[in-house]
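Start from the sequences and build out the full structure, keeping to the hints where you can.
Note that the protein sequences, when read in sequence, are chains D and H. Residues 1 to 139, numbered by my numbering, are exactly what the first sequence covers, in order. Residues 1 to 127, numbered by my numbering, are exactly what the second sequence covers, in order.
In short, the hints are calculated from the structure, not lab data. It cannot be assumed that every hint is accurate.
Said to hold, decoys possible - Here's a subset of chain D near chain H, in silico, CB distances under 7 Å, partners left out:
{"no.": "1", "residue": "Q6"}
{"no.": "2", "residue": "S7"}
{"no.": "3", "residue": "V11"}
{"no.": "4", "residue": "S54"}
{"no.": "5", "residue": "A63"}
{"no.": "6", "residue": "V65"}
{"no.": "7", "residue": "G69"}
{"no.": "8", "residue": "S114"}
{"no.": "9", "residue": "N118"}
{"no.": "10", "residue": "D127"}
{"no.": "11", "residue": "M128"}
{"no.": "12", "residue": "M131"}
{"no.": "13", "residue": "M135"}
All of these numbers come straight from a predicted model, not from anything done at the bench. Ideal Cβ placement from N, Cα and C applies to all residues, glycine included.
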Amino acid sequence: MADPLQSILKVGAAGLEAQSTRMRVLSENIANANSTGNTPGADPYTRKVVSFESQIDDVEQTATVRVAGIDAATTPYKLEYMPGHPAADQKGFVKLPNVDVMTEVADMREANRSYEANLQIIKQARDMINMTIDMLRSS
Amino acid sequence: MSQLYLFALASQNNRWLSARQAAVAGNVANANTPGYKAQEVAPFEQTMSSVSTELTATNSRHMALGDTRRTGTTDTTTKVEWETTHSGNSVSLEQELINAGEINRSYRLNTSVVKSFHRMMLNSMKV
Chain D
1 MADPLQSILK VGAAGLEAQS TRMRVLSENI ANANSTGNTP GADPYTRKVV
51 SFESQIDDVE QTATVRVAGI DAATTPYKLE YMPGHPAADQ KGFVKLPNVD
101 VMTEVADMRE ANRSYEANLQ IIKQARDMIN MTIDMLRSS
Chain H
1 MSQLYLFALA SQNNRWLSAR QAAVAGNVAN ANTPGYKAQE VAPFEQTMSS
51 VSTELTATNS RHMALGDTRR TGTTDTTTKV EWETTHSGNS VSLEQELINA
101 GEINRSYRLN TSVVKSFHRM MLNSMKV
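The following block contains the structure:
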């Protein structure tokens, strides 16, 4: 069995990676909050949602995390009356992305908080490893 | 004898604390995983009592007697949670970080005790 302190670093890194993937998808959503199509009636950008799943590491027997998938949200598109827009249909309605910037920002906060928590755990584990090494130091 | 026992106790406690910290790390990493239940390591008293008598193999992951690398310290159970979110996740980041801090502090205490006793022993050997 591997050293638990080493596995903490691995678990923490998995957490950091998962949260940064989430952050990346959120930033894609925000960047594309106004991306419409350019042909009449075309679908605009669809909001993406990250889902996580826990995964048991066979060697360490600890629960790491990984991104289970990045899926398109199923919420309906917003419609806005903009005749003359390249993506407007016959009635003059343009489909806008189903991205709500407020939701994305709130989600970003949560991702940030989780990232910090993972970072804190890694720091503490590193501290513990250092303490063990320090036992050898004569002073 | 008592001093040697102290070293064994300290290292055993540290091993238990590392396993506990690993459980905390798993919980924090899964803080946003739907349906994840927070895990906890069995209390130290329990692992101590199982060590002093005989190792009972209640779990397939238990190792045979004589291998003291893993004296039942990583038996994780679902813990009493502070809150459960709508997604069925029972990890409370605050609780986990408090635990992590506490574990770190205990670990520091153990290593410091070992260090100072070691120094005492070295001093007694000096002229």
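(request) Verify the interface restraint on M128 (chain D): the C-beta must sit less than 7 Å from at least one C-beta of chain H. (result) This hint holds: M128 (chain D) lies near chain H, its Cβ roughly 5 Å from the closest one there, short of 7 Å.
(message) Please check whether N118 (chain D) passes as an interface residue: C-beta within 7 Å of a C-beta belonging to chain H.
(response) Holds. Min distance 6 Å.
(message) Under 7 Å is the threshold here; is the Cβ of A63 (chain D) close enough to any Cβ of chain H for the hint to stand?
(response) holds (4 Å)
(message) Next item in the hint list is S114 (chain D). Is there a CB on chain H closer than 7 Å to its CB?
(response) holds (5 Å)
(request) Mind checking the CB of D127 (chain D) against every CB in chain H and telling me if the closest is under 7 Å? (result) holds (6 Å)
(request) Closer than 7 Å between Cβ atoms is the bar; does Q6 (chain D) clear it against chain H? Give me holds or violated. (result) Violated - the Cβ of Q6 (chain D) stays beyond 7 Å from chain H, reaching only about 9 Å at its closest.
(message) Interface hint check: M131 (chain D), Cβ to nearest Cβ on chain H, cutoff 7 Å. Holds or violated?
(response) Check passed: Cβ of M131 (chain D) comes within 4 Å of chain H, closer than 7 Å.
(request) Would you settle whether the hint for S7 (chain D) is holds or violated, based on the nearest Cβ-Cβ distance to chain H being less than 7 Å? (result) holds (5 Å)
(message) So, as I understand it, the hint says M135 (chain D) touches chain H; can you test that by seeing if any CB pair is closer than 7 Å?
(response) holds (5 Å)
(message) V65 (chain D) was flagged as interface toward chain H. Is the shortest Cβ-Cβ separation under 7 Å?
(response) Status holds, d = 4 Å.
(message) Next item in the hint list is V11 (chain D). Is there a CB on chain H closer than 7 Å to its CB?
(response) For V11 (chain D), the interface hint holds, since the closest Cβ of chain H sits about 4 Å away, which is under 7 Å.
(request) So, S54 (chain D) near chain H? Judge it on the closest CB pair being under 7 Å. (result) holds (5 Å)
In summary, the structure is inconsistent with hints 1, 7 from the numbered list given earlier, while agreeing with the others.
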